[in-house]
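Protein sequence lines, in the order shown, are assigned to chains A and B.
When we follow my numbering, the leftmost residue of the first sequence carries the number 1, and every step to the right adds one.
When we follow my numbering, the leftmost residue of the second sequence carries the number 1, and every step to the right adds one.
Mixed in with the good hints there might be a few duds.
A short, non-exhaustive set of chain B residues, derived as facing chain A with CB atoms under 8 Å [what the hints assert, rightly or not]:
1. Ser-50
2. Ser-91
3. Gly-95
4. Arg-96
5. Gln-196
6. Gln-198
7. His-219
8. Ser-225
9. Glu-226
10. Leu-260
11. Ile-277
12. Pro-282
Listed next, the stretches of chain B that the computed footprint assigns to chain A, with coverage defined by at least 3 CB atoms under 8 Å from CB atoms of chain A [as the list claims (entries may be wrong)]:
13. 160 to 166
14. 188 to 194
It is worth saying that the hints were derived from the structure and are not from the lab.
Every residue, glycine too, gets a C-beta built ideally from N, C-alpha and C.
Take a look at the letters that make up each chain.
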Amino acid sequence: MTALLKVHNLHRHFAVEGKNEWLAGKSILRAVDGVTLSVQRGKTLGLVGESGCGKSTMAKLVLGLIPATAGTVEFDGKPVTAKRNQAWRAARRHMQMVYQDPLGALDRRLTALEQVTEPLLIHDKQGEIKPTVAAKTMMRAVGLTDNLFERYPHELSGGQRQRVVLARALVLKPSLLVCDEPISALDVSVQAQVINLLDDLRQQMNLTMLFISHDLRVVRHICDEVAVMYLGRIIEQGYAKDVLSHPAHPYTQALISAISTPGMKHTKVSSGRIILKGEPPNPVDVPTGCSFHPRCALATAHCKTSAPVVTRIGDGHTVSCHLHTMIHHGASS
Amino acid sequence: MTSSAVDSSTLLDIRELRIAFEHRGRSLEVLHGVSLRIAAGESVGLVGESGCGKSITWLSVLGLLGKHTHVTGSVQFQGRELLGLSDTALSQIRGRKIAMIFQDPSSSLNPAQRIGSQIAESLALHRGLRGAQANAEILELLDHVEIPDAKRRMNAYPHELSGGMNQRVMIAMALAGQPDLLIADEPTTALDATVQAQILVLLDTIRRETGMALVTISHDLGVISEISDRVLVMYAGSIVESAPSQTLFSQAQHPYSLGLLAAMPAFDVEVHRLTTIRGSIPQAGQLIQGCSFVARCDFAQDNCRHSAPALRTIAVGHELACTRKLAA
Numbered sequence: 001m002t003a004l005l006k007v008h009n010l011h012r013h014f015a016v017e018g019k020n021e022w023l024a025g026k027s028i029l030r031a032v033d034g035v036t037l038s039v040q041r042g043k044t045l046g047l048v049g050e051s052g053c054g055k056s057t058m059a060k061l062v063l064g065l066i067p068a069t070a071g072t073v074e075f076d077g078k079p080v081t082a083k084r085n086q087a088w089r090a091a092r093r094h095m096q097m098v099y100q101d102p103l104g105a106l107d108r109r110l111t112a113l114e115q116v117t118e119p120l121l122i123h124d125k126q127g128e129i130k131p132t133v134a135a136k137t138m139m140r141a142v143g144l145t146d147n148l149f150e151r152y153p154h155e156l157s158g159g160q161r162q163r164v165v166l167a168r169a170l171v172l173k174p175s176l177l178v179c180d181e182p183i184s185a186l187d188v189s190v191q192a193q194v195i196n197l198l199d200d201l202r203q204q205m206n207l208t209m210l211f212i213s214h215d216l217r218v219v220r221h222i223c224d225e226v227a228v229m230y231l232g233r234i235i236e237q238g239y240a241k242d243v244l245s246h247p248a249h250p251y252t253q254a255l256i257s258a259i260s261t262p263g264m265k266h267t268k269v270s271s272g273r274i275i276l277k278g279e280p281p282n283p284v285d286v287p288t289g290c291s292f293h294p295r296c297a298l299a300t301a302h303c304k305t306s307a308p309v310v311t312r313i314g315d316g317h318t319v320s321c322h323l324h325t326m327i328h329h330g331a332s333s
Numbered sequence: 001m002t003s004s005a006v007d008s009s010t011l012l013d014i015r016e017l018r019i020a021f022e023h024r025g026r027s028l029e030v031l032h033g034v035s036l037r038i039a040a041g042e043s044v045g046l047v048g049e050s051g052c053g054k055s056i057t058w059l060s061v062l063g064l065l066g067k068h069t070h071v072t073g074s075v076q077f078q079g080r081e082l083l084g085l086s087d088t089a090l091s092q093i094r095g096r097k098i099a100m101i102f103q104d105p106s107s108s109l110n111p112a113q114r115i116g117s118q119i120a121e122s123l124a125l126h127r128g129l130r131g132a133q134a135n136a137e138i139l140e141l142l143d144h145v146e147i148p149d150a151k152r153r154m155n156a157y158p159h160e161l162s163g164g165m166n167q168r169v170m171i172a173m174a175l176a177g178q179p180d181l182l183i184a185d186e187p188t189t190a191l192d193a194t195v196q197a198q199i200l201v202l203l204d205t206i207r208r209e210t211g212m213a214l215v216t217i218s219h220d221l222g223v224i225s226e227i228s229d230r231v232l233v234m235y236a237g238s239i240v241e242s243a244p245s246q247t248l249f250s251q252a253q254h255p256y257s258l259g260l261l262a263a264m265p266a267f268d269v270e271v272h273r274l275t276t277i278r279g280s281i282p283q284a285g286q287l288i289q290g291c292s293f294v295a296r297c298d299f300a301q302d303n304c305r306h307s308a309p310a311l312r313t314i315a316v317g318h319e320l321a322c323t324r325k326l327a328a
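This is chain B alone, in the form it adopts within the complex (with noise of 0.2 Å):
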């Protein structure tokens, strides 16, 4: 990987990533001053629920809102400024260097082209590789995604083939590009439990192959604990707490990521009432005093009220954004 003088390992880098839709002429803000690092090779978890910026930053990362949004901070891919990047600049990396999948395959695929050449047009666009030199490709793609029979299957159109095949096909038009960072947008939420597992374990095989980043986005706890590294957690367009993933599911601190890991029933144990989070989460765009989660947390306070509590480290590489007191 081609590296200049900015710390190696890093590989994107977002600084007070702050995203605002016009709306009825009026601003609203949905996601408030996001940062977080990305190092190469690293697989990163965010989950959070509906709503709270965990997709639209990686929309705005790879420059795909449309004109009513207006983007601020600041946004480094290996070393180089993303946000304000022409469309002709930005094509370069999009969908080649940073890739990205999303939730369901079969509205991403276009219905009316065979499988193999919609995977060939990312190589044609991409890598250049045309003809036989691109089939052989296609082959090799279909192979390391798993795909059974694959050149039969390069035949096929989308709608022959089942979701979790589709999911496959979707990887490996990623991958086509050879991209260092791949975003993973609920990967796996449109698909069955068991194809659930099989498509985690390829996504998790192929990052460790090829060296590539890889964010998981999901709203589902489990999914992000079985193959991310870090994980962040997102509460109505901000982060609120980042850890290692055995820690934040041993130790997390946030009352938020605390009642999310409540929130799930126990297989294992019988329990006879679920916690919940009391309320729902606040609407885009609505101004909230202090604490965005003020209103449904247990442990508020009069400060959290007053002013907004910021990203701070409480141990090696664990942040939290909470002022209460932590837990021992």
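Same shape as in the complex, but just chain A (with noise of 0.2 Å):
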């Protein structure tokens, strides 16, 4: 199987104005610091961690909407790069994002019908099905019924207008679909609505995904694999069985341990959980040596002085922690 996505090393840093107390004397965010990763063909990655810790940056690296400060994305072997050129246009039809927020995502000033057809009169100037027909053979596809068509977002439910946020994504058949928190805006019942429309349509159109979200039951459901985040690092990745059953990482542990489990006792507030001291630090001014280490109640002397190298931990399983290093090369570096 070949990978249709691939990141090397992928830097992005942002400048920051360093004016008042927080940032004073620093200046760099690195929102995304040294990144690799590769999703396979017809295969769905997710990429999970908290807010600021970097996956919307990634989003935005990978479909090439802003430059990398260094580093490489390569799409279907052809490098990505965020140059306004002949190329980079070329590849955005096979490459479409759906957004969280799908009011902020549509235009409200165009129908939902205008709104799918509005790739293919981009795009597909020269399609031999009308743009019309071929957008609302996309919209019934994606369960949206003849009489929305005409409708404006305003006058749709969240469900149906993510539905057509969907259907303009798919609409150029694209063989990626970046989400980033597709369902984090919509009602429960209403989730498990576009989960499953997303499974089917993966299936159907033979979609690669990148899956943003901070849901791990939701990652769980629909990824084949998993790449958690923090700080703009991966410290965790592998097969989504593999790490969300047996994390290694203690942020992977935590995070899972924060998943509320309806019908567990709720006396589960002061029992057995792991709940992280304080927050995630603010990027512009990332800890020393493990970047996770204030906040890990397994943190040595070690982890505050050098950062942990990726080990391989089983069959495409790979954590960034000493606690593994150790582990599995003896001594420490």
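Please assemble the complex out of the two chains, which come individually in their own frames, going by the hints.
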């Protein structure tokens, strides 16, 4: 199997005006700081992490919407750059994005049908099928009924809007779909509908997906592989069933522990669960050594000074944590 | 706590609360006769999807709905009727005896005011504390909500603090009036997973320590199940099921409650397809004959289309608004 998307040692740094007391002296925000990953054709990779960890910056880099500071993104064997040239435009139609807030992603002055037709008018000028016909077919495929085609976004429900966003992304038959928190803004009963729909479409269209989410339940349900991000770095990566059933990194363990299970005794709040100290640090001021050490219950003096390297602990399962480096290499470096 | 002749354990008693909005000359009813009771010190969860009336119920209790709403029914707090109370009288209760925190702390806080002085405002208003006395209390409150380095942080502006810290500030402000009832409207929805756990633990601890009652409003059954003794499920402006947490999660009876539980992807078992509730919630004010859930219900029968089922007791502490034969 070949990788459709390859990301190698990708960096994206933002310059921050260092005027207030928190940022004084430092002025570089390392949103993405050396990420390497690949997504196989037809597979779904879940990118998991808390706000500010760089997930959404990753999405923009992968799609070539913003330039990388260093490192490469390769899509279907060709490099993706943020230069708005012919090659970039040609690649656009093969990589599409679904956003968190469908109302914000849609043009409020266009009807649902016009929104879905628009990509065809831009990219598919010589298409054999009439754009509106192709758009209608796609809209029906995502479960929108004909009576909704002429409606404006405000006249649709949240779930229907997200279906319009999906139809618009898929109407060009892309090979890569980047979903940034696609269901977070939806109601619980509608979330399940959209997840099932994504699952079906992925199989029917042989879609490759980069699925960005903070919801580990959904990731577990829909993703083949998972990469856990913390402060711009991937700290654990592997098959979803391995990473989520046998998390190796203390941060992954805490994330999984934070999932609340309905029906568990409500005293769970005070029992057995890992509650992390503090909050994700400011990415402008990344802690030394392992960036997770200030919040880690298992941190040693070594973790404060030296950054862990990526260690392989199983079939395709890698982790960046000194606890595992020590086990696998005897002593630490 | 001062209590009159009424059942001393009942803190809040809402009866047949109906809310209607004036809209283009029409009256749209969005809450269809909600009755519920909160005991002192109790932790109640309110779950439902957007538009089901879970927030508006509390906004009306606090008299925060605009002029174009029509509220009927009765809301008794510590034996005193709140509906129709003048603004002056209500301000003795609002924010003081009944406090509320909202989903997005950064939009609830004043961005141009230091957090210490925002808390001082509540202290002056509700407890008449000023100067050094107020300062000492602010530090105490910030400590109570576990904000480290409180002395320095009280001079920070909201934008200098993270979302989790701001939510802690909101909780501190709510606690400033020493409330008997705290209403937390989606308190952790805007927060990260690991921070969400911290805030839930904090709310639970504070409730146990202070003996105040806590109403948690959320669309997330997981959140509700963690800190509530009792859960109310709302759908389209009515309570459809009410049960102790444990019972609801193991023996839910209403098709909507069952659907909500089933729609959540399980973490430990592999499921190939999620159960969904078909269709979507009815639009606010849309008149539905019979049960409001009928169009989405797998168990619907003819009689469901004619009359709306009333909430009835099916076991101790378990109420249900559905005529379906109970699962054994």
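Hint check:
1. Taking 8 Å as the C-beta contact cut-off toward chain A, the hint placing Ser-50 of chain B at the interface holds, the least distance being around 6 Å.
2. Evaluation of the Ser-91 of chain B hint against chain A yields a violated restraint, the C-beta minimum of about 33 Å exceeding 8 Å.
3. Restraint check, Gly-95 of chain B versus chain A: the minimum CB separation of about 27 Å is more than 8 Å; hint violated.
4. Among the interface hints, the one on Arg-96 of chain B is violated; its C-beta lies about 27 Å from the nearest C-beta in chain A, farther than the 8 Å criterion.
5. Given the 8 Å rule on beta carbons, the hint for Gln-196 of chain B holds: about 7 Å separates it from the nearest Cβ of chain A.
6. Hint status for Gln-198 of chain B: holds, given a least beta-carbon distance of 6 Å to chain A, under 8 Å.
7. At a threshold of 8 Å, the smallest CB-CB gap from His-219 of chain B to chain A is about 6 Å, leaving the interface hint in force.
8. For the restraint placing Ser-225 of chain B at the interface with chain A, the shortest Cβ-Cβ distance is roughly 4 Å, inside the 8 Å limit, so the hint holds.
9. Annotation: Glu-226 of chain B was flagged as interfacial toward chain A, and the flag holds, the nearest CB pair being 5 Å apart, inside 8 Å.
10. Nearest Cβ of chain A to the Cβ of Leu-260 of chain B: about 6 Å, under the 8 Å cut. The hint holds.
11. Residue-level restraint check for Ile-277 of chain B holds (minimum Cβ-Cβ distance to chain A is 4 Å; threshold 8 Å).
12. Look at Pro-282 of chain B: its Cβ only gets to about 10 Å from chain A, farther than 8 Å, so that hint breaks.
13. Under the rule that three or more residues need a Cβ within less than 8 Å of chain A, the assignment of the region 160 to 166 of chain B holds, with 5 such residues.
14. Counting residues of the region 188 to 194 of chain B whose beta carbon lies closer than 8 Å to any beta carbon of chain A gives 3, which reaches the threshold of three, so the coverage claim holds.
In terms of the numbered hints stated before, the structure departs from hints 2, 3, 4 and 12, listed from lowest to highest.
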